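Asker: Listed here are the chains, written in short residue letters.
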Amino acid sequence: MPDTQMLKELPRTLRLDVLDVTAKWGGHVSSCFSAVEILTAIYFGGILRYRPAEPDWSQRDRFILSKGHAAPLFYAVLARAGYAPLAELQKFRQLSGGLHGHPIAGTFPGVEMTSGSLGQGLSFGLGAILAGRLSGFDYRVYVLLGDGECEEGQIWEAAMAAAHWQADRLIAIVDHNKYQQTGPISREMSLAPFAGKWRAFGWQAAEVDGHDVAAVVAGLQGLIAWQDSHRAPAVLIAHTVKGKGVSFIERDYTFHGRSLSPEQDAAARKEIRCN
Amino acid sequence: MQLGARAGLKPADQLRKAAGQAMLEVARRYPNVVILDGDLGNSTGAHAVKDVFPERFFNVGIAEANMVGIAAGLAASGYIPIVTSLASFLFNNAYDQIRLSVALAGLNVKFVGSHAGISTGREGPSSMSLEDFALAGSLAPFVVVAPCDPTSMRQAMHAAVAHVGPVYVRSSREAFPHVYTPEDCRFAIGVANKLREGHDVTLIACGLLVPVALDAAVILAEEGIQARVLDMHTVKPLDREAIAAAARETGAIVTAEEQFITGGMGVNIARIVVETCPAPMRLIGIRDRYPGSGSPAELLEAHGMTPDHVAAAAREAIKAKPQPTRPMSLNNLGAVS
Chain A
1 MPDTQMLKEL PRTLRLDVLD VTAKWGGHVS SCFSAVEILT AIYFGGILRY
51 RPAEPDWSQR DRFILSKGHA APLFYAVLAR AGYAPLAELQ KFRQLSGGLH
101 GHPIAGTFPG VEMTSGSLGQ GLSFGLGAIL AGRLSGFDYR VYVLLGDGEC
151 EEGQIWEAAM AAAHWQADRL IAIVDHNKYQ QTGPISREMS LAPFAGKWRA
201 FGWQAAEVDG HDVAAVVAGL QGLIAWQDSH RAPAVLIAHT VKGKGVSFIE
251 RDYTFHGRSL SPEQDAAARK EIRCN
Chain B
1001 MQLGARAGLK PADQLRKAAG QAMLEVARRY PNVVILDGDL GNSTGAHAVK
1051 DVFPERFFNV GIAEANMVGI AAGLAASGYI PIVTSLASFL FNNAYDQIRL
1101 SVALAGLNVK FVGSHAGIST GREGPSSMSL EDFALAGSLA PFVVVAPCDP
1151 TSMRQAMHAA VAHVGPVYVR SSREAFPHVY TPEDCRFAIG VANKLREGHD
1201 VTLIACGLLV PVALDAAVIL AEEGIQARVL DMHTVKPLDR EAIAAAARET
1251 GAIVTAEEQF ITGGMGVNIA RIVVETCPAP MRLIGIRDRY PGSGSPAELL
1301 EAHGMTPDHV AAAAREAIKA KPQPTRPMSL NNLGAVS
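For the record, the sequence lines run as chains A and B. Numbers 1 to 275, taken from my numbering, label the letters of the first sequence in order. Numbers 1001 to 1337, taken from my numbering, label the letters of the second sequence in order.
In case anyone wonders, no lab produced these hints; they're calculated from the structure. It should be emphasised that the depicted structure is a prediction, and the values quoted were computed from it without experimental measurement. Heads up, the beta-carbon is just placed ideally off N, CA and C, and yes, glycines get one too. A portion of the hints provided could be inaccurate.
Residues from chain A that face chain B, not an exhaustive set, calculated with beta carbons under 10 Å [unchecked claim]:
1) LEU7
2) ARG62
3) GLY101
4) ILE104
5) PHE124
6) VAL141
7) GLU151
8) GLY153
9) GLU157
10) ALA161
Going by beta-carbon spacing under 10 Å, a handful of chain B positions derived as facing chain A [what the hints assert, rightly or not]:
11) MET1067
12) GLY1069
13) ALA1072
14) ALA1075
15) TYR1079
16) ARG1099
17) LEU1100
18) GLY1124
19) SER1138
20) LEU1139
Build the full structure now, drawing on both the sequences and the hints.
Answerer: Below is the structure:
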């Protein structure tokens, strides 16, 4: 059973990690903050089957970070999960370090897919599902999508194909933080009806509070249980807040990709520690 | 006149049939080869595999971006996907996916692009592929091959699958004549095949333009010009040694390809020539306008890609060779402003 005290503490630690990782050369802080509890649930809530000492273990569950700009959080999660020493995180966005600005497969243990151009992770995940079938393995594939990313047509090509091939070990999680780079999604390019779109494509869809680790774990467990008796892919729409955890970053879309000033960084740390 | 007839080449089936048979051969040999089809398996030849290994054949539908992403996911788990479609749809539709999900990740995915060049003919330029050398060639880890006949297509497919890393194999709807027999064909990635020896000029071609170049060499030989002919089946990486030797030993080069000149094989050969042994060159290919809808034979004529055009380009290149230097007369000094 997951350690509940750890699950409570970890989001705070990961948010501070993200600030550490991005302090020197920047990164998409607010896009990381919205996904903190989702990744905590997947990696530390007993969902993902993995062996940090054996990253290429053939029967591991695959976690695919399709929204590659959450790289700082992803590296921190992988380090905290035991894939790499925490000191590695200091090499983010440095030429000599190998921690690319967006994840490149093969350059950091636990990174399954190269990402950084949006829309590609669900297809990759479906390919991993087909590979598992051909190999007779029972691993699951979890793909984390951004909500703005779902404006990409390739997402819906993959959604159609996953339902057609009854990909009942594929689970997508959408970090639905309601913002894209230049503004609110509802204003820039509405996804509504979002869950309805997935259902219309033949997916089972559930919605949860994406900042409640226990709710995300329960939501994923519910979809896994559902897939035991249904042959279809499933999506967990995690309602989140962009920039969650720091009041002056929350819902301010101009922080997308913008670095914090030293004063903002200090204020953010203070608020995260006090939460 | 039939392509390759002057050179005595025997006619053959459409190249795509050989590609389909070649895919079946590698699927038999490698249990981890899987075929992805963009709903064109009866056009590309890929259906040859579907009939024998249905469990390793996936029709992804008309969704090239998704197809390439799925291929990446399969390759990351140890399978060798062969992604098939018309060359034009693959590289123009799914370039971002090919670049990010495959090339940047260095994944072991093979691409077979059919109906390349002008071979879609009367279907018109929308489905022609005249940019694929430039597009595939710009992807750092890619190998790009353009076989010129059924035998080399089969060997190219085996070489592509044996190679670890992304490979693009260019196929065609056209019937390419037999250039090789199985006994005399030696296909190795990056090693050009010398099909004819000569010391006055070198004709370097790939794909359909190989039989064109062989015909041109016959025309030139009737005039006493001995042309070397190279089958540059690997467009990337180019055979640097064979190119430098051609420049050094024959002093003039003509390149010929079924592709826009810009970003194609010829300009990359020119790069190697200027780096190694500068020599006059002429480049045959399509120049800055989209072809019309016509038969392939008409299109080769309209875009200056026939044996006569290649022979004329060879004469020009030979004429442009530097003349033996003579002592400069005083009158000439300062005459150039």
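Asker: What are the numbers of the hints the structure violates, in ascending order?
Answerer: Failing hints, ascending: 1, 3, 7, 18, 19, 20.
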